[in-house]
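Student: Chains as they are written, first to last, in this note's numbering: chain R, 1 to 77; chain A, 1 to 159.
Hints in this document: simulated from the structure, not taken from any laboratory. Keep in mind it's a predicted model, so treat the numbers as computed, not measured. Do not rely on the hints blindly, as some may be mistaken.
Partial list, derived from the structure: chain R residues whose beta carbon lies under 10 angstroms from chain A [stated by the list, open to error]: (1) ILE3; (2) ARG24; (3) GLY38; (4) VAL43.
Examples of chain R residues lying across from chain A (beta carbon under 8 angstroms, computed) [stated by the list, open to error]: (5) LEU7; (6) ASN37; (7) ALA50.
Quick list of simulated restraints, FRET-style, between CB atoms [what the hints assert, rightly or not]: (8) A:ASP154 x R:VAL18: 25 to 31 angstroms; (9) R:ARG39 x A:PHE125: 54 to 60 angstroms; (10) R:ASP49 x A:LEU137: 24 to 30 angstroms; (11) R:VAL18 x A:PHE85: 46 to 52 angstroms; (12) R:ARG39 x A:LYS147: 24 to 30 angstroms; (13) R:SER46 x A:GLN152: 54 to 60 angstroms; (14) A:LEU144 x R:ASP8: 38 to 44 angstroms; (15) R:SER17 x A:VAL139: 36 to 42 angstroms; (16) A:VAL139 x R:GLU20: 46 to 52 angstroms; (17) R:ASN37 x A:ALA58: 51 to 57 angstroms; (18) A:VAL52 x R:ARG39: 52 to 58 angstroms; (19) A:ASN3 x R:GLU68: 46 to 52 angstroms.
Note that the Cβ used here is the ideal one computed from N, Cα and C, for glycine as well.
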Amino acid sequence: MAIMVRLDVLLAERKISVGEFAERVGITPANVAVLKNGRAKAVRFSTLDAICRVLNCQPGDVLMREDEQELLSAPVH
Amino acid sequence: MNNLTIRILRCVLVLTFLAMVVAQTLILPWLSAVFADDFPEVAYIRASMLAVSILVIACGEVVVVCTWKLLSMVQQDSIFSERAFGWVNWIVGAIVAACMLVLGVFVYTSFWVDIGQLGLTMAEFGAVIGGLTLALLLVTMRGLLSKATTLQSDLAEVI
Numbered sequence: 001m002a003i004m005v006r007l008d009v010l011l012a013e014r015k016i017s018v019g020e021f022a023e024r025v026g027i028t029p030a031n032v033a034v035l036k037n038g039r040a041k042a043v044r045f046s047t048l049d050a051i052c053r054v055l056n057c058q059p060g061d062v063l064m065r066e067d068e069q070e071l072l073s074a075p076v077h
Numbered sequence: 001m002n003n004l005t006i007r008i009l010r011c012v013l014v015l016t017f018l019a020m021v022v023a024q025t026l027i028l029p030w031l032s033a034v035f036a037d038d039f040p041e042v043a044y045i046r047a048s049m050l051a052v053s054i055l056v057i058a059c060g061e062v063v064v065v066c067t068w069k070l071l072s073m074v075q076q077d078s079i080f081s082e083r084a085f086g087w088v089n090w091i092v093g094a095i096v097a098a099c100m101l102v103l104g105v106f107v108y109t110s111f112w113v114d115i116g117q118l119g120l121t122m123a124e125f126g127a128v129i130g131g132l133t134l135a136l137l138l139v140t141m142r143g144l145l146s147k148a149t150t151l152q153s154d155l156a157e158v159i
């Protein structure tokens, strides 16, 4: 999946635990894990709204797109 | 479906099943004896006809049991799953089997033995057509269930 959800970084910055984050957003901790691992296929706007409210950020801060083609053809250091 | 509807349907299913068992054990053997007395010239087919009619009622009992199971799945909210398809397939299979049995009786009593009761044989043919139509309707419903199951599993993946 080329859309990444940058929860690890933001949760660490805000110092919120996964369990507390899940409870405040209103989703299960299992779904938080699915979001973090990049296995999520779809997210409701209402969920995204809640995530941004809890983390006090914009959707563009928490969502990132990685072009898979660029990843594959990136020069190896 | 609310609980009241499910309970009423369950009562109807139990009554239907009981009626079928009574028909199989009491009514049909008695009816078979009456027909054998009224038409002694074809009394020799009595045993096979009784057996076939008991089998047809047994197909109906299979349908009742499968419907009960599907009703339980509706109550537990697990109707949109792969498991439901097996039970629907059994219902369709039972109806088709009953139709084939009645069709066999129709062919047998019309062309082989000739019981001379045109109205009865026409009723048998009508029952086959009706049963096959019902099976076709259930196959259509099965397609609907399949679509709903796909949509349910797609929606379950949305966080």
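Student: It remains to establish, for every hint, whether it holds in the given structure.
Tutor: Going down the list of hints, with the structure as the test:
| no. | hint | verdict |
| --- | --- | --- |
| 1 | ILE3 | violated (12 angstroms) |
| 2 | ARG24 | violated (15 angstroms) |
| 3 | GLY38 | violated (12 angstroms) |
| 4 | VAL43 | holds (5 angstroms) |
| 5 | LEU7 | violated (12 angstroms) |
| 6 | ASN37 | violated (12 angstroms) |
| 7 | ALA50 | violated (11 angstroms) |
| 8 | A:ASP154 x R:VAL18: 25 to 31 angstroms | holds (26 angstroms) |
| 9 | R:ARG39 x A:PHE125: 54 to 60 angstroms | holds (57 angstroms) |
| 10 | R:ASP49 x A:LEU137: 24 to 30 angstroms | violated (44 angstroms) |
| 11 | R:VAL18 x A:PHE85: 46 to 52 angstroms | violated (37 angstroms) |
| 12 | R:ARG39 x A:LYS147: 24 to 30 angstroms | holds (25 angstroms) |
| 13 | R:SER46 x A:GLN152: 54 to 60 angstroms | violated (19 angstroms) |
| 14 | A:LEU144 x R:ASP8: 38 to 44 angstroms | holds (43 angstroms) |
| 15 | R:SER17 x A:VAL139: 36 to 42 angstroms | violated (52 angstroms) |
| 16 | A:VAL139 x R:GLU20: 46 to 52 angstroms | holds (51 angstroms) |
| 17 | R:ASN37 x A:ALA58: 51 to 57 angstroms | holds (52 angstroms) |
| 18 | A:VAL52 x R:ARG39: 52 to 58 angstroms | holds (56 angstroms) |
| 19 | A:ASN3 x R:GLU68: 46 to 52 angstroms | holds (50 angstroms) |
Comparing the model with each earlier hint shows violations of hints 1, 2, 3, 5, 6, 7, 10, 11, 13, 15; every other hint is respected.
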